[in-house]
Amino acid sequence: MADNNSGFFANPLVKWIEYRLPVFSTLDHMVGSQYPTPKNLSYWWNFGSLAGLCLVIQILTGIVLVMHYTPHTAMAFDSVEHIMRDVNYGWLLRYMHANGASMFFIAVYIHIFRGMYYGSYKAPREILWWLGLIIFLLMMATAFMGYVLPWGQMSFWGATVITNLFSAIPLVGEPIVTWLWGGFAVDNPTLNRFFSLHYLLPFVIVGIVILHVLALHQHGSNNPLGIDTKGPQDRIPFHPYYTIKDAFGVGVFLIFFSFFLFYAPNYLGHPDNYIPANPLVTPEHIVPEWYFLPFYAILRSVPDKLGGVLLMFGAILILFVLPWLDTSKVRSAKFRPIYKQLFWVFLIACIGLTYAGGQPPEGLALVIGRACTIYYFAHFIILLPLVGWFEKPLKLPASISEPVLKA
Amino acid sequence: MAGTATQKAGTEPTRRDFIVVAAGAFGAVGAAAAVWPFIHQMNPSADVLALSSTEVDLSQIAAGQSVTILWRGKPVFVRHRTEAEIELARKDDTAALPDPQKDADRVKKPEWLVMMGVCTHLGCVPLGQKGDFGGWFCPCHGSHYDTSGRIRKGPAPLNLPVPDYAFLNDTRIRIG
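The listed protein sequences derive, respectively, from chains E and G.
Using this note's numbering, the first residue of the first sequence is number 135, and each one after it goes up by one.
Using this note's numbering, the first residue of the second sequence is number 587, and each one after it goes up by one.
The set of hints was computed from the structure by calculation and includes no laboratory data.
Errors might be hidden in some of the hints.
[Stated by the list, open to error] Only part of the chain G face toward chain E is listed, based on derived beta-carbon distances under 8 Å:
#  : residue
1  : M628
2  : N629
3  : S631
4  : K660
5  : P661
6  : H707
7  : G709
8  : C710
9  : V711
10 : C726
11 : G728
12 : P741
13 : P743
For each residue, glycine too, the CB sits at the ideal point set by N, CA and C.
Start from the sequences, fold in the hints, and give me the full structure.
See below:
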């Protein structure tokens, strides 16, 4: 394999450090010239590195926002306004952090759906998939607790509704909720612990991301054909080929990010969160941030408290057994004519859930929410196991390079 | 190793096995005990527990009016019910109730309804004198309560709870 870094490694200082601490060769094996990558990765493979970029942006902006924020019910709201009005570039940093969370979820959702379309969760990448789901769960917890910190109306009532989900657990539900609150309602102890955990969890995510990358390197990236690489003719080094491709993606992604950041910084938020928290008045229409809407729709589709809570958590937990629910040995939807269609129907059901989650739970929205909830679970429990048996996959190419070399 | 030669499958456990298990168990119990302060610190602290009673003057509340009191960080509804509301609540004692309870068991004096203003679904504050049963309606997920604060329709499983309270005299109550 061509070593594009031989000049770099010949540098005496690099040599001196490398001899004592092998950081450069380790990096070179992780994301450099010594990491062989399938040569046919499409732009759908950009979203992993974009999600990583978002994590870095969130941590950097978060660290500096904490320098100006006060985690106390009497001062939190005002300190956020202080950031917006008085702190130098405070408005920019806070809008970067708030919109950055949305960008992070956009990147991760595309990354997850990419994995579903190309069967990236299948053997031998099940643990890689699990680690990704754990990152997703940690992101949701982190985003939820971060949204509470400005102590606006949506912060307070969002925290109340979500923590109350645990009261649906029989017998121990109420003590658990009191324990989560540190009192008898969402109050200052709740705000303080959410702040503590909101600072901690991103670093836990960093740790899991490292494991995610480690698991990825064990068998390498999946690819649009879903077949294993068969030799050097199927692979190119990660650097410079995919570092430059990822860098191009970063440029496009930052333009998209900047559109929201500079032209519609509050578009993805809710105006009620600019009203200070009031424990005596619930806003007319409580909605979570957009990235939680599908799960919120599932919660509200069930006319039973415990049932709704179980189904909502079940919607994520079912993804952990996806590698076994999908009985087909063929990874890529490219060679699976029926699954390919089901994937798009599933995507539409998820969009339907997002729509229903943002509407009041009545009339047509409730019907759409219920229909999409049923389809969501039917996709995993009924359709995927059956399709794997009945579907006749198209003929797989012998290798990644074969069709190209033949033509 | 020579020391493990006597520990073949099927032989009696040795004294060393016992020491290993006993030491391991002792360590596990010790670690579990040390975890407890880290868990219990999240429960309500002494000052939070101390703020647990409040008094309400009823003389200013006319029939058909309600006040909302903040008690332990949560709203409490104190409603001076009208004759019509009391009658409706009693009539519905025999209706199909998800959480059956007689109106008489929910009040100390029929004209005064005192209960938590916290929806038993997911904790929102219901709106007064709204909904299908003339009582309360929760805008978050659509639960309807009647004039006795009992759940009648929607996802909430239980009636609005009645807190501990006592009449200090005819026009004063203490909640908590």
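Original post:
So which hints don't hold here, by number, going up?
Top reply: Violated hints: none; all satisfied.
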